[in-house]
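Just so you know, the protein sequences line up as chains A and B, in that order.
Using this note's numbering, the letters of the first sequence map in sequence onto residues 40 to 99.
Using this note's numbering, the letters of the second sequence map in sequence onto residues 526 to 768.
Derived from the structure by calculation, the hints contain no laboratory data.
Each residue gets a CB set at the ideal place from its N, CA and C atoms; glycine is no exception.
Just to be clear, a hint being listed does not mean it is correct.
[Claimed, not checked] Straight-line alpha carbon distances no greater than 27 Å define the calculated DSS-like cross-link-like pairs of lysine-lysine that follow: (1) A:K44 to A:K82; (2) B:K714 to A:K53; (3) A:K82 to B:K750; (4) A:K94 to B:K750; (5) B:K614 to A:K94.
[To be verified] Selected chain B positions facing chain A (Cβ under 7 Å, derived; list incomplete): (6) T582; (7) Q583; (8) I584; (9) D630; (10) G631; (11) K634; (12) A637; (13) H694; (14) E698.
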Amino acid sequence: MQLAKVTLIAGDDKSHSPYGIPADWYMATAKAEVAGFTFSQLKDWLPGLVQTLVKHEGGN
Amino acid sequence: MKILVLGGTRFFGKKLVELCIQNGHEVTILTRGQSSNPFGNQVLHLIVDRNDANALTQILDGMTWDIVYDNICYSPNEARDLAKILQSKTKKLVFTSTLATYEADGVIKNEADFDPYTFGIRMGGIDDFTYGEGKRQAEAVLFKQATFPVVAVRFPIVVGEHDYTRRLHFHVEKILNEEPISLPNIDAKMSFITDDEAATFLYFAGISAIEGPFNATATGPISLKDLLGLIEDAIGEGDTYSW
Chain A
40 MQLAKVTLIA GDDKSHSPYG IPADWYMATA KAEVAGFTFS QLKDWLPGLV QTLVKHEGGN
Chain B
526 MKILVLGGTR FFGKKLVELC IQNGHEVTIL TRGQSSNPFG NQVLHLIVDR NDANALTQIL
586 DGMTWDIVYD NICYSPNEAR DLAKILQSKT KKLVFTSTLA TYEADGVIKN EADFDPYTFG
646 IRMGGIDDFT YGEGKRQAEA VLFKQATFPV VAVRFPIVVG EHDYTRRLHF HVEKILNEEP
706 ISLPNIDAKM SFITDDEAAT FLYFAGISAI EGPFNATATG PISLKDLLGL IEDAIGEGDT
766 YSW
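Go ahead and model the full structure; you've got the sequences and the hints to work with.
As structure tokens, this is what we get:
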């Protein structure tokens, strides 16, 4: 099993995660749901997308 | 309906154009001409730099639309010019905005947490602002100055196989190559939307009778720790990561 090597603050520019955020950062969608739109559940598709990207990158 | 899409040749903009075509609408795309038109004769293709207000005015002369989508507006100057040019030319504008209109302060965001109707306008171009501030300013200009209904769709990070920003790919590559990833808070939770769902929401925002700012994201946030765990699990053959 290959594990992520995570450092918290240091690290060179090449290592900086483009998803690096200091605190929770997400949105409520009640307004759109009331307007009639139903959003997907992240859990239903994110693992599959990650697997696809891993395959594209030649891992597993 | 007659639909104009600014920024419709890649990622979720391309999927939006595909949706509009599939639903039988008359679609025009407007690009700088740097990327080819992937839709052939299914769309009318206008080639112009949208930052050249005079050229944009000329090329749109005599045309009208039911819906205009702007996926590539990043500054109040661009928003001002478009609002002026589209006056009496469109029945509605759907503007692609962002989660970055909100501060990353740990509090879940509702639309009212950034109010473009009362936000003080400071004009400028794309280089005068951060990404988030440019989008705030663009929203403020559109909601205060446009003479037609406007929807601002606030997306989080959009992901998909064809994500040209390759930000999710970055994490996959780092772990595969056993290289370090540095981030300030591994427990911070974030949200995502796929390119398909982003396009579906933009389409919905155009054809339904809504206006104003709308958040649009898949349901359920994920911490960076759990996201990295998903990648580790996909690389390994081991147990399913318990997220």
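Verification of the supplied hints:
| no. | hint | in the structure |
| --- | --- | --- |
| 1 | A:K44 to A:K82 | holds, 24 Å |
| 2 | B:K714 to A:K53 | holds, 22 Å |
| 3 | A:K82 to B:K750 | holds, 15 Å |
| 4 | A:K94 to B:K750 | holds, 21 Å |
| 5 | B:K614 to A:K94 | violated, 46 Å |
| 6 | T582 | violated, 33 Å |
| 7 | Q583 | violated, 36 Å |
| 8 | I584 | violated, 33 Å |
| 9 | D630 | holds, 6 Å |
| 10 | G631 | holds, 4 Å |
| 11 | K634 | holds, 5 Å |
| 12 | A637 | violated, 9 Å |
| 13 | H694 | holds, 6 Å |
| 14 | E698 | holds, 6 Å |
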